[in-house]
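**Student:** As a plain string of letters, each chain reads:
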Amino acid sequence: MEGYLYLIPLLPFIGFLINGLLGQKIGKSGVFCIGCSSIGLAFLFSILAVYQLACSPAEDRLLVQVLWSWISVGNLNIDIALMMDPLSAVMILVVTGVSFVIHIYSTGYMAHDEAAWRFFSYLNMFVFFMIMLVLGSNYVVMFVGWEGVGLASYLLIGFWYKENVNADAGKKAFIVNRIGDFGFLLGMFLIFITFGSLSYLDIFPKAAHMYEQGIMAMNSPVMIAICLLLFLGATGKSAQIPLFVWLPDAMAGPTPVSALIHAATMVTAGVYMIARTNVLFTLAPTALLVLVLMSAATAFIAATIGILQNDIKRVLAYSTVSQLGYMFIGVSVAAYGAGIFHLMTHAFFKACLFLCAGSVIHAMGGDQDMRSMGGLWKKIPITYITMLFATIAISGIPPFAGFFSKDEILWKAFTFPYYPVVGKIVWFIGVLAAGITAFYMFRLIFMTFHGKFRGTEEQAHHLHESPLSMTGPLMILAFLAVFGGWLGVPHLIGNLFGHVPNILENFFEPVFASSHEIIGAYAGVQHHSTVVEWVLMAGSVAVAIGGISLAYHIYIRRVDVLPGKLAETFSIYHRLVYNKYWVDEIYYYVVVLPFYYLSMFLWKVVDAFIIDDIGANGQAWWVQRGSGALRLVHNGYVQTYGAFMVLGLVVMLWFFIV
Amino acid sequence: MASLTHYIVLSSILFGLGTVGFCTRRNALILFMSIELMLNAVNLMLVAFSNFMGDMAGQVMVIFIFAVAAAEVAVGLAILIALFRHVREVDITKFNVLKW
Numbered sequence: 001m002e003g004y005l006y007l008i009p010l011l012p013f014i015g016f017l018i019n020g021l022l023g024q025k026i027g028k029s030g031v032f033c034i035g036c037s038s039i040g041l042a043f044l045f046s047i048l049a050v051y052q053l054a055c056s057p058a059e060d061r062l063l064v065q066v067l068w069s070w071i072s073v074g075n076l077n078i079d080i081a082l083m084m085d086p087l088s089a090v091m092i093l094v095v096t097g098v099s100f101v102i103h104i105y106s107t108g109y110m111a112h113d114e115a116a117w118r119f120f121s122y123l124n125m126f127v128f129f130m131i132m133l134v135l136g137s138n139y140v141v142m143f144v145g146w147e148g149v150g151l152a153s154y155l156l157i158g159f160w161y162k163e164n165v166n167a168d169a170g171k172k173a174f175i176v177n178r179i180g181d182f183g184f185l186l187g188m189f190l191i192f193i194t195f196g197s198l199s200y201l202d203i204f205p206k207a208a209h210m211y212e213q214g215i216m217a218m219n220s221p222v223m224i225a226i227c228l229l230l231f232l233g234a235t236g237k238s239a240q241i242p243l244f245v246w247l248p249d250a251m252a253g254p255t256p257v258s259a260l261i262h263a264a265t266m267v268t269a270g271v272y273m274i275a276r277t278n279v280l281f282t283l284a285p286t287a288l289l290v291l292v293l294m295s296a297a298t299a300f301i302a303a304t305i306g307i308l309q310n311d312i313k314r315v316l317a318y319s320t321v322s323q324l325g326y327m328f329i330g331v332s333v334a335a336y337g338a339g340i341f342h343l344m345t346h347a348f349f350k351a352c353l354f355l356c357a358g359s360v361i362h363a364m365g366g367d368q369d370m371r372s373m374g375g376l377w378k379k380i381p382i383t384y385i386t387m388l389f390a391t392i393a394i395s396g397i398p399p400f401a402g403f404f405s406k407d408e409i410l411w412k413a414f415t416f417p418y419y420p421v422v423g424k425i426v427w428f429i430g431v432l433a434a435g436i437t438a439f440y441m442f443r444l445i446f447m448t449f450h451g452k453f454r455g456t457e458e459q460a461h462h463l464h465e466s467p468l469s470m471t472g473p474l475m476i477l478a479f480l481a482v483f484g485g486w487l488g489v490p491h492l493i494g495n496l497f498g499h500v501p502n503i504l505e506n507f508f509e510p511v512f513a514s515s516h517e518i519i520g521a522y523a524g525v526q527h528h529s530t531v532v533e534w535v536l537m538a539g540s541v542a543v544a545i546g547g548i549s550l551a552y553h554i555y556i557r558r559v560d561v562l563p564g565k566l567a568e569t570f571s572i573y574h575r576l577v578y579n580k581y582w583v584d585e586i587y588y589y590v591v592v593l594p595f596y597y598l599s600m601f602l603w604k605v606v607d608a609f610i611i612d613d614i615g616a617n618g619q620a621w622w623v624q625r626g627s628g629a630l631r632l633v634h635n636g637y638v639q640t641y642g643a644f645m646v647l648g649l650v651v652m653l654w655f656f657i658v
Numbered sequence: 001m002a003s004l005t006h007y008i009v010l011s012s013i014l015f016g017l018g019t020v021g022f023c024t025r026r027n028a029l030i031l032f033m034s035i036e037l038m039l040n041a042v043n044l045m046l047v048a049f050s051n052f053m054g055d056m057a058g059q060v061m062v063i064f065i066f067a068v069a070a071a072e073v074a075v076g077l078a079i080l081i082a083l084f085r086h087v088r089e090v091d092i093t094k095f096n097v098l099k100w
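Residue numbers (the working numbering), protein chains in the order written: chain A, 1 to 658; chain B, 1 to 100.
Hints may be right or wrong, so weigh each one.
As the list claims (entries may be wrong) - Partner residues are not named here, just some residues of chain B that face chain A (Cβ under 7 Å, in silico): (1) 19; (2) 22; (3) 23; (4) 85; (5) 92; (6) 96; (7) 98.
Don't read these hints as lab results, they were simulated from the structure. Here a beta-carbon is modelled for each residue, glycine too, at the ideal position from N, C-alpha and C.
Next up, chain A with everything else stripped away, as it sits in the complex (with noise of 0.2 Å):
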């Protein structure tokens, strides 16, 4: 029944090993064939996979696959084996079914690329590791994802590596990434110390057993330290506060990149992980406490940067770091499906805008700066389109995807069970920056397709749309970006159409069923009006509706006035903002100074006087010049050698004798 799972990351892994050795010899369409059609293929099977998960009865959902026995060392035994469960399912669709719309996006995209054999076997890798990390039914296995997937993010941002911006950032990103990965270790070294073993299917069932014993309270410390380490090991892979810094650099890759692997996929392994952990997460309120402080300071701080930015896909990129800040909201109110709800829809319209964002920068030939663009929508239609609802989907606004997964994971933060009133602020400031969503992506879209032309001649007779390669993934995605979130649809809404059931919870349901039990439990079964649901949605809707007025406001009504006015009115946050409250500045000299000096020390000081030159060195010297001194005895009369014999036995013979 299971045997076939292997075959969803196995597939991946051959067209990496073809693309990647034989690339150059089959040519670009061969390139183009294996690699779309590998992906294809572990989506096909993902989909047969999930179909199976489905149809059977809710507390039977588990699929696994043990491979082989990877490490076996006293009480610590890994497997390579995979699992899937109905969270891991719609991630594998998620990650499967986007890469191979990406995968067809970039054979368009890098059509003209020399070098388009190695994109496509990075690609096929990052979608491997992916799987790998996805699928895994222990940490070892995720954690071997989790760094897979982080090398392939490194050699795509770096992939036109002969720019040092490209490969800076890249560095920059693998580093980065390197800090919370140190977090994500100890906080896997600390579950095996803590439950024995690092196999879900094992840590889950007896942290909950040894919660209902009594064994473990609540809020105990080794479950914070723990949960708050895997969180470090979030914020670098899925780019938060503090470890925020690498995403919007890691644009610098080719766009599909940008689109797979900093927007859709990879970014949201941070959110999965914690989903995945829900049940000691839930039993450490404290660290959810943090997280969900952390989250919504991302969402607000990361939405305000992308107000002020012009380059089209930086915009994006702030929009993605905002947008996983919901996620982790999500996840970090106990409300694990809603996070990977929001997760799935962003997933489709993120990815849907970073594919028009291409396709325009395509237009464009190469130029990413908005102040340079303006009125495409004529010359563009079904990139304007598609951008367009993806566009409306990220504001909220209802009936798109993106509207019914914010909304239910407000809707949550604002019934936070542990801390109703720090639940009551997160909504606050997520509904400020879902209306500061809204206003900066409706500024992307009048920016770059309403107003006047702004660019070159020469740019404006290059404009054209990108061919049906580019256009049908764009499509794909924007229909997803309208209807994926019917899915979800709140038991409110469902309601008032006859009873339309929220197919995403109910499938969910056996994975957090103890996390709910245990909410369930601790803070007594909670009732809210359905009246203040209702408020509190079209509060959330309004909101972004304001946003996008105003963006229409200033940016095409008065488009020649306020926003300089503006920027002089306000110029001390303007500055700020505009220099993302220097960030990176300060890290530089907070973080990356000191430890320059420190290694320099180390290197110049530590290495090479006292170990090199004190120690290594210092050594052969003295035994050069101990040796050089013996040696002159060594003057080649036999003579000498035979005085020395003689001396020699006349030693022994007065040890002997006295």
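Guided by the hints, dock chain B onto chain A, whose structure is given.
**Tutor:** Just chain B now, with coordinates in the frame of chain A:
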């Protein structure tokens, strides 16, 4: 009747002569003879002790040593001749290239 002490003194004197000869003379042949002198001084001592102890094994041993020494002399002289053919020289102080 010569006592054991006489033999020991004689053989010590012979050994000493050999040693001094080895360390001071330059002619390789003389060095060679000095070595033989030392060897035979020791042989003499061995025979004397053997006789004193009433054990014939020592004297048998000396016969063996003579045999081996003969072979050694043959090899040694051959080396000397080969050396002489190369450099036309038997002064041992000239053969000092094997150093450092």
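**Student:** Next step is simple, just say for each hint if it's right about the structure.
**Tutor:** Do the hints match the structure? See the list:
1. 19: Nearest chain A Cβ about 6 Å off; hint holds.
2. 22: The hint holds - residue 22/B has a Cβ within 7 Å of chain A, the shortest such distance being about 5 Å.
3. 23: holds (5 Å)
4. 85: At 19 Å from the nearest chain A Cβ, residue 85/B fails the 7 Å test, so the hint is violated.
5. 92: Given a least distance of 6 Å, the restraint on residue 92/B holds.
6. 96: At 3 Å from the nearest chain A Cβ, residue 96/B passes the 7 Å test, so the hint holds.
7. 98: For residue 98/B, the interface hint holds, since the closest Cβ of chain A sits about 5 Å away, which is under 7 Å.
Violation of the numbered hints given earlier is confined to hint 4; every other hint is satisfied by the structure.
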